[in-house]
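Number of protein chains: 6
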Amino acid sequence: MSVVVRNVERVDRGVVEALAPFGVATIHEAQGRTGLMAPFMRPIYPGALIAGTAVTVSVPPGDNWMIHVAVEQCRAGDILVVAPTSACDCGYFGDLLATSLKARGVLGLIIEAGVRDVATLTDMGFPVWSRYISAQGTVKATLGSVNVPIVCAGALVNPGDVVVADDDGVCVVPRAGAESVLAASRTREQKEAAVRARLAAGELGLDVYDMRAALAAKGLHYRDAKD
Amino acid sequence: MSVVVRNVERVDRGVVEALAPFGVATIHEAQGRTGLMAPFMRPIYPGALIAGTAVTVSVPPGDNWMIHVAVEQCRAGDILVVAPTSACDCGYFGDLLATSLKARGVLGLIIEAGVRDVATLTDMGFPVWSRYISAQGTVKATLGSVNVPIVCAGALVNPGDVVVADDDGVCVVPRAGAESVLAASRTREQKEAAVRARLAAGELGLDVYDMRAALAAKGLHYRDAKD
Amino acid sequence: MSVVVRNVERVDRGVVEALAPFGVATIHEAQGRTGLMAPFMRPIYPGALIAGTAVTVSVPPGDNWMIHVAVEQCRAGDILVVAPTSACDCGYFGDLLATSLKARGVLGLIIEAGVRDVATLTDMGFPVWSRYISAQGTVKATLGSVNVPIVCAGALVNPGDVVVADDDGVCVVPRAGAESVLAASRTREQKEAAVRARLAAGELGLDVYDMRAALAAKGLHYRDAKD
Amino acid sequence: MSVVVRNVERVDRGVVEALAPFGVATIHEAQGRTGLMAPFMRPIYPGALIAGTAVTVSVPPGDNWMIHVAVEQCRAGDILVVAPTSACDCGYFGDLLATSLKARGVLGLIIEAGVRDVATLTDMGFPVWSRYISAQGTVKATLGSVNVPIVCAGALVNPGDVVVADDDGVCVVPRAGAESVLAASRTREQKEAAVRARLAAGELGLDVYDMRAALAAKGLHYRDAKD
Amino acid sequence: MSVVVRNVERVDRGVVEALAPFGVATIHEAQGRTGLMAPFMRPIYPGALIAGTAVTVSVPPGDNWMIHVAVEQCRAGDILVVAPTSACDCGYFGDLLATSLKARGVLGLIIEAGVRDVATLTDMGFPVWSRYISAQGTVKATLGSVNVPIVCAGALVNPGDVVVADDDGVCVVPRAGAESVLAASRTREQKEAAVRARLAAGELGLDVYDMRAALAAKGLHYRDAKD
Amino acid sequence: MSVVVRNVERVDRGVVEALAPFGVATIHEAQGRTGLMAPFMRPIYPGALIAGTAVTVSVPPGDNWMIHVAVEQCRAGDILVVAPTSACDCGYFGDLLATSLKARGVLGLIIEAGVRDVATLTDMGFPVWSRYISAQGTVKATLGSVNVPIVCAGALVNPGDVVVADDDGVCVVPRAGAESVLAASRTREQKEAAVRARLAAGELGLDVYDMRAALAAKGLHYRDAKD
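Sequences listed follow chains C, L, Y, W, E and G, in order. Heads up, the first sequence is in the numbering used here, so the first residue is 1 and it goes up one at a time. Heads up, the second sequence is in the numbering used here, so the first residue is 1 and it goes up one at a time. Heads up, the third sequence is in the numbering used here, so the first residue is 1 and it goes up one at a time. Heads up, the fourth sequence is in the numbering used here, so the first residue is 1 and it goes up one at a time. Heads up, the fifth sequence is in the numbering used here, so the first residue is 1 and it goes up one at a time. Heads up, the sixth sequence is in the numbering used here, so the first residue is 1 and it goes up one at a time.
If we strip away everything but chain C, and leave its shape as in the complex, we get:
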């Protein structure tokens, strides 16, 4: 059942780069609160923000052979997304693989398993979002697949989808919807900018969002502590 799919279609780089600055929270909202990976996916260092196209890898537990296979399928602007077929905390990826990916212009790694050499990866500026940090080595004995649909940290990822990652986590934007998500992100951010200014000036969200009537209709009751 192992297969490597070559030349998957990717979202246009212009769209991907335009999406990046909106960040995970806004993009996730803009596409109807879908596509978010589980919150156990954490960056190895703070402050990174990347958006790229997914090269997906399905790997056996404790075996990173297919990551080596996947490197060849990566292009500049890609992000490698790796999910094990069963839960695994091994360190599948370290500074050598990062060196190789960096040489190809890959932007970062998303892995629902472990990563190691994190001090070196931090020095290299190669960002990783992982479930674990672990030095545990892996073997190269069993096949998996590259560029097939995978479920990573609870999110479905198809090869060529947009992946956005920052300090808030990781979000997947399906290929077909990328442009409309970009438009919705722009709209959302403009609205938020206006709201932010009013809140900073001391207005209440209750008034900015006009919530008082709805709250009262639901039966919200106020009383004084001394009563």
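Source of the hints: derived by calculation from the structure; they are not laboratory data. Just so we're clear, the structure is a prediction, and the values are computed from it rather than from any experiment.
When chains are identical, the list treats them as one kind, so a pair holds in a single copy or across two.
As a list, the in silico SDA-like pairs of lysine to any residue whose alpha-carbon atoms are at most 20 angstroms apart:
{"id": "1", "residue 1": "Lys102", "residue 2": "Met124"}
{"id": "2", "residue 1": "Lys102", "residue 2": "Leu204"}
{"id": "3", "residue 1": "Lys218", "residue 2": "Asp207"}
{"id": "4", "residue 1": "Lys191", "residue 2": "Asp207"}
{"id": "5", "residue 1": "Lys102", "residue 2": "Gly77"}
{"id": "6", "residue 1": "Lys102", "residue 2": "Gly47"}
{"id": "7", "residue 1": "Lys140", "residue 2": "Ala216"}
{"id": "8", "residue 1": "Lys140", "residue 2": "Leu215"}
{"id": "9", "residue 1": "Lys140", "residue 2": "Met1"}
{"id": "10", "residue 1": "Lys140", "residue 2": "Ala217"}
{"id": "11", "residue 1": "Lys140", "residue 2": "Arg212"}
{"id": "12", "residue 1": "Lys140", "residue 2": "Arg196"}
{"id": "13", "residue 1": "Lys140", "residue 2": "Ser2"}
{"id": "14", "residue 1": "Lys102", "residue 2": "Val208"}
{"id": "15", "residue 1": "Lys218", "residue 2": "Val148"}
{"id": "16", "residue 1": "Lys102", "residue 2": "Leu49"}
{"id": "17", "residue 1": "Lys226", "residue 2": "Glu72"}
{"id": "18", "residue 1": "Lys191", "residue 2": "Ala20"}
{"id": "19", "residue 1": "Lys102", "residue 2": "Ala193"}
Assemble the complex: chain C is given as a structure, and chains L, Y, W, E and G must be docked to it using the hints.
Same frame as chain C, now just chains L, Y, W, E and G:
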């Protein structure tokens, strides 16, 4: 059952500000090792230390409507403390709510759920202690309560209690006991300063604390590795 | 059953210091992928790298008395390794104990439980790898043992073993094998340096490691996305 | 700070016994979805259902001395509720303590920690809801308190409150509200019986609860799979 | 974005019923070790074994409104599969919904969240595989979707797919592959029956599977304990 | 580094069989509260109680090849004890391996990973204590070791050690200490029998164990609820 309690009595700001520099570990000790939240409550960035008066919020899972309601009840020197009625990893709170709270002089947020926009919150210097970091959005559909007693991360919090938070976690000081906890914290720290100097000079805790007799009485046995 | 073993034999300091720069991932590989503690053991601040000889402590849950006893058994170049007899998230260790250990030349602490005063420990540059960060205080009422074999975070640690810790986690090198692990670490790092240069130049791991034939023999299949 | 409070007021036994058959889910609903302990509290065997008055115990980690103290404060119809001051998986309680409690007419144990001798407890028909099953022994060295307010598995428990436990978990009914919760439970169960009959006859909840208009108003959209 | 898809195509009932007796482990193997949900999905009582066609439901955290909507879309032989949009331990489902589903011939429930009334469900013989058991009630305020693709406990489920569940867990068989998985399951079970007889007679797997040469080639080494 | 050690010395069968009826809690106490595995090790069905001699297996994640190798080293009265080199929830073991072990007189399996076919294993009466139940298949590609010291669920296990398992969990008795642990278990149980009779007759543990003076000395304070 939903209610918003206004004008809750708060611990005197002078007492709260005097408590702050002692930090969580000392204050928790000074009040008999009570009031500590569970260690899964972690700061979104290192180095923050705050002490303030609690405005409490009980929220449904996945619904942050009541946080908007709670903002209006907040005053300068308060800390917002939020607990969901069942375990939830959604991102209830982001930079817009932080902007609003900052405008009112609120010192930070304690939430036994998720927070998002953590890069922006870090830039703003608005500290949050949370169970999760997650971009997952919430709805505004169901009521909860503000300024009622809540259990947050295993600790009982009454509105107006002192909340202290630093890199070690979060501690609650009940309103009635705040002044005596302050006194006990001072005493404790003075003792520790004297001990610290002796330990730094190379004295052993076994001697500083005079433990040898008690250990021997319990039956502690020493032997040499070569025996 | 409580005992304190004095004067345990330690790995030669020259060997330990030579091991340090290789770090956890390389050393763990060099000794056949053994000796690694579980990945829930995390440093309280990034960037620390230490190697030292283990002074082991077996402690009851919620009781740090034996850590005070253990301090006296520590020498310059040692690392304190503490495991509770049942899972415990209490804060067994804070800045006073760190002051005492530092005065004796101890390099750091490994504890499968909680640590507190982490802001101060960070300022002091005293590194700790722990399972939890927690301000929860402990008692001094029940004995344990010092310098007996313990299981810490899933790894067997004998007193005098080498312990290496960095951002990737914690690894134990048994006393008897330390010199051969050092030799194997050197060999491994030399090989990796050569590989790193080739990968940085754009060569693929598939070719550098000569994997293509083995992959084909296993049945790896390539197809184009458009097929 | 250690104290044993004697002769706490308990909810009237008639009310407690009338509450029991409604079970945890109904009672929790009848009091506005409050009072439920976290779902990690599980029975050691299926099929038990108890309701009694709480004798509360606050214990240090790994120390069950205060449970022995608490036994003396128990009366027929009580339930012992035990919470450690920090997370602990030790086996605080076994068949000897169960023998003692049974002799006093205590109905069962709720403990946010470990229990042991579960095969014997099952044979005895002494039900326990616990976070862990563990044979790990505890010491008798440090005081705690009996019949003070505690937080157990996220729920506030005051001595004398009603505790109800069944296969769904554990719920606390505050003393003051017990009678009105009983009335509300009766009302709720009567309504449910009528609904159950209609659903069993094939009517849809959409119609029984008259949900269609509200769903449509929210914008629920139906389409055929073939469209 | 909320939608209810009607009249989804289902795998032929004959195929589904033929698959059932093979159970989860065999079917999961027969389709190349794919489709398995995470092992935290556990049955509420032992001994149940069901296979049916999936009606999928995506629900908000703490809100079970869409389950009521989904009931109408269920037919005899279906299994309801429910996933929350973020992690949630609420009790979404109890005996009333089970009564309704049973009246329609639904075989069971798979839910990556909580279930309640488990004693009654056990009496009714209505099997549930869930992540949690919890009495915590839910609201009916926010829409979700029915019969859209969902990720449940790490497995992708499309409406109409086959779902098989037993004491080992839950496995999803995509609609398109059901017949070939059935054939492969038969083949696998026949082979296993032959192997089982040989193993029961005392033959070693090393010989039955002819492993000795491959193990030796990998370098497996035998030595005697006394050497 | 892979090795299979043959003919390891085992504790005398008479001693092992005499230990069995004392169960895990008593034996663990009798050897000074050591040797217990972590409480996440749970039996697949209630009521089993076994004691046997350990055949240990160190396996890679997701690879059960070495279990097949280990079967040949098993004798009547043995218990197979399996630990993966990194955390793994795969189903390493099912009814075929159980058939093979049963044919050799092996009493059960202890595995810090997953097991499958649990319904069949229950029917066969082949008990297993595991960390997970999972149908996830494993490969046969990488070597491990048989009858070397391993750490399983936090406990050190040497080949030939006694392993005892019941509903409370799993305990390891080192080979050298087995006879003295047997003697201590007998002593302990005799004492407990006498205590049990007194407690059943209504005496309090406070008096049976003569605790009142020690509690008072520690400062335990009693007060009446009405005071």
